[in-house]
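Student: Now for the letters of each chain:
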Amino acid sequence: MALEKITEVSGRGVSVPGDAIDTDRIIPARFMKCVTFDGLGEYLFYDVRKNEDGTDTEHPLNDPRYSGATILLSGDNFGCGSSREHAPQALYRYGFRGIIAESFAEIFFGNCTTLGIPCFSASKEAIARIVSAVEKDPAVEITMDVSAQEIRFAGETVKAFIRDTALSGLVNGQWDAIGELLEAKKEVEVVSSRLPYFAA
Amino acid sequence: MSMGKSLFEKVWDAHAVRELSNGQTQLLIGTHLIHEVTSPQAFGMLRDLGLKVAYPHRTFATVDHIVPTDQRVQPFADPLADAMIRELDKNCKEFGITYFDIASGDQGIVHVVGPEQGITQPGTTIACGDSHTSTHGAFGAIAFGIGTTQIRDVLATQTIALSPLKVRRINVNGHLRPGVYAKDVILHIIRQWGVNGGTGFAYEYGGDVFDRFSMEERMTVCNMSIEGGARAGYVNPDETTFAYLKGRRYSPQGAEWDEAVERWKGFASDPDCRYDDVVNIKAEDIAPTVTWGINPGQAISIEQKIPTPESVPAEEKDVTEEALAYMQLPGGEPIAGTPIDVAFIGSCTNGRLSDFVEAAEYLKGHRVATGVKAIAVPGSQRVDVLCKERGLDKIFEEAGFEWREAGCSMCLAMNPDKLVGQQLCASSSNRNFKGRQGSPTGRTILMSPVMVAAAAVTGKISDARKIFGVQELVEV
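Quick mapping for you: the protein sequence lines, in order, are chains A and B.
Numbering (the numbering used here) for the first sequence: 1 to 200.
Numbering (the numbering used here) for the second sequence: 1 to 476.
Heads up, some of the hints might be wrong.
As the list claims (entries may be wrong) - BS3-like cross-link-like pairs, simulated, lysine-lysine; straight-line CA separation at most 25 Å:
| no. | chain 1 | residue 1 | chain 2 | residue 2 |
| --- | --- | --- | --- | --- |
| 1 | A | Lys124 | A | Lys136 |
| 2 | B | Lys305 | B | Lys466 |
| 3 | B | Lys388 | B | Lys373 |
| 4 | A | Lys33 | B | Lys265 |
| 5 | A | Lys185 | B | Lys52 |
| 6 | A | Lys124 | B | Lys317 |
| 7 | B | Lys305 | B | Lys460 |
| 8 | A | Lys50 | B | Lys418 |
| 9 | B | Lys5 | B | Lys265 |
| 10 | A | Lys186 | B | Lys10 |
| 11 | A | Lys185 | B | Lys466 |
| 12 | B | Lys460 | B | Lys394 |
| 13 | B | Lys466 | A | Lys33 |
| 14 | B | Lys460 | A | Lys33 |
| 15 | B | Lys305 | B | Lys317 |
These aren't lab readings, by the way, just hints derived from the structure by calculation.
Make the full structure from the sequences, and use the hints.
Tutor: Written out as structure tokens, the structure reads:
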């Protein structure tokens, strides 16, 4: 399966600050009562973006200065908690194409990579500099260069990190593994036939 | 001389199919568990690609997240929930997947059903679109949560692309003090190493305490590995494991049983294996533990005071302020005495027979405090039957609890069991995230089932040892 080679992602940024932002916060469980992922973008960060009467809170995603942002900036351990792919699906459907955070929870990172959303880890200081540039001028273009593992913005360049396997998958257009997994039918038969419990 | 291997390495090696172009391993998933929330889109993707389920006999389904725990007759009052359950039913029928539905008498939370059916076995790989799949590691399996696209991968190929984890051995040696439970052990571990301390690791739990633990206690600990950032957690299989599995529906039978036990023993970590990290905890240092904040690492002993932004390390100041504001708790004051509105005993963490046995033991002769809504929700229909055979449902009801039917219930509130407004819930579940229990402003304090029982009868967060008169054992 030929997939797009994701070597870089560019766009405007928005900061949703905080550490350990969990997937329940990214997409509250009650919006997972669905049999497709369509429409999830509407409910992204719903409970922190909306008051109980349905009016908007002062959340960065409600701030018109950042509308159209495609790169999300956040803190440590982003995406922790539930394995729900609804979280990266909601981010993607809302319009995000890349995420920069201090660190990521493991299942969330894998789910994003499988959707072709690069997740860059960067230092607190580097993220603070990007956020400061974005706050000064929300139109500033941020480029996440996957191959070079760096982030360019407003004439600055900062280091970023993405694990080798994700980098390789993204830049080679193999971030969704299904094509490759399907090629190994014979090998799967061989390995599974050695496992007595598998036959049961 | 060759170095020994950990259980993780042995199971990984036995299931590794090949190396993929990006350097990840194509790993065989021997056992795949599915539920109604994260699987429908995977079947949709499968259909879009024109693929079939490769090994339907290795996927098992049940319904847990969205099922009501009171009114069980379909159609459910919630049309969305009803549509999801019908979708699961349709998918299982179309692809020939075993489905433990409500009518089967075997329905329940997927992490309760797998073990009690004997589907969860040592030396296996288990995946499920649910982060608490780490529960199954209690049997010496490598078990982890996956996303929906990976569910598609397992359905289509029985494999996923994954990188191996490092292994951290966590020894808990000594004796737990009376009134200290498996839940306290895992809350203590998460509190010590933080909610992301386990990122990149599988946790191997061992030592005296785990050697003595029942399978249900081991499951409680492994269940919450993910709350400490560890995608998988496991305990090496031993006689306790084999005794639990013997005679269960999907366990090997007859001559195959003895062969299986020998094989399972071989998966246990070798004494000379290399761990990436080893940590040691003294069992005596663990107290009844409760959370005070908005993630499971924000926990203290029941005897301690709620932290203040000034009392925590500088990097935790902001999140402490955020947590105190959300929880509306006074920093610097004891956590004991915090009034509660709701008490919940259940979930894949603490919804098994022993959880209800222990709580019932202490609930006898007590009444739920006025104004507190208390619910007890068995983790499966089988747990429900076992509890009723022992009369536990009556004890709970006489104490003022509602005894419900099996499901995830108020752990995540995808069903009618939800907090309302800013209600505060003493909960035996696994997550105290903002809004987790269904109200965007609802508040959760995590604890063991016995501590929930103590909170229910006093109407406030309480030290169960004092309320129920648990005595320190005298060493002789």
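Student: All hints are to be evaluated individually against the structure, with a verdict given for each.
Tutor: Going down the list of hints, with the structure as the test:
With a CA separation close to 18 Å, the supplied pair Lys124(A) and Lys136(A) stays within the 25 Å bound. About 17 Å separates the Cα atoms of Lys305(B) and Lys466(B), which keeps this hinted pair within 25 Å; it holds. Restraint check: the Cα-Cα separation between Lys388(B) and Lys373(B) comes to about 21 Å, which is no more than 25 Å; the hinted pair holds. Pair hint Lys33(A) plus Lys265(B) does not hold up; C-alpha atoms about 42 Å apart against a cutoff of 25 Å.
Only pairs whose Cα atoms come within 25 Å are accepted, and Lys185(A) paired with Lys52(B) is accepted, the gap being roughly 13 Å. With a C-alpha separation of about 15 Å, the suggested pairing of Lys124(A) with Lys317(B) holds against the 25 Å cut-off. Restraint check for Lys305(B) and Lys460(B): the C-alpha separation of about 15 Å stays at or below 25 Å, so the hint holds. Between Lys50(A) and Lys418(B), the direct Cα distance comes to roughly 19 Å. Compliance with the 25 Å bound is thereby established for this hinted pair.
Simply put, Lys5(B) and Lys265(B) have alpha-carbon atoms about 13 Å apart, close enough for the 25 Å limit, and the pair holds. This hinted pair checks out: Lys186(A) and Lys10(B) have alpha carbons roughly 22 Å apart, not beyond 25 Å. At most 25 Å may separate the alpha-carbon atoms for a hinted pair to count; Lys185(A) and Lys466(B) exceed this at roughly 60 Å. A threshold of 25 Å between alpha carbons decides the hint, and for Lys460(B) with Lys394(B) the separation of about 23 Å falls inside it, so the pair holds.
Distance check on the hinted pair: Lys466(B) and Lys33(A) sit about 42 Å apart at the alpha-carbon level, beyond 25 Å; violated. About 33 Å separates the Cα atoms of Lys460(B) and Lys33(A), which puts this hinted pair outside 25 Å; it is violated. In summary, the hint linking Lys305(B) to Lys317(B) is supported, as the alpha carbons are separated by about 16 Å, within the 25 Å threshold.
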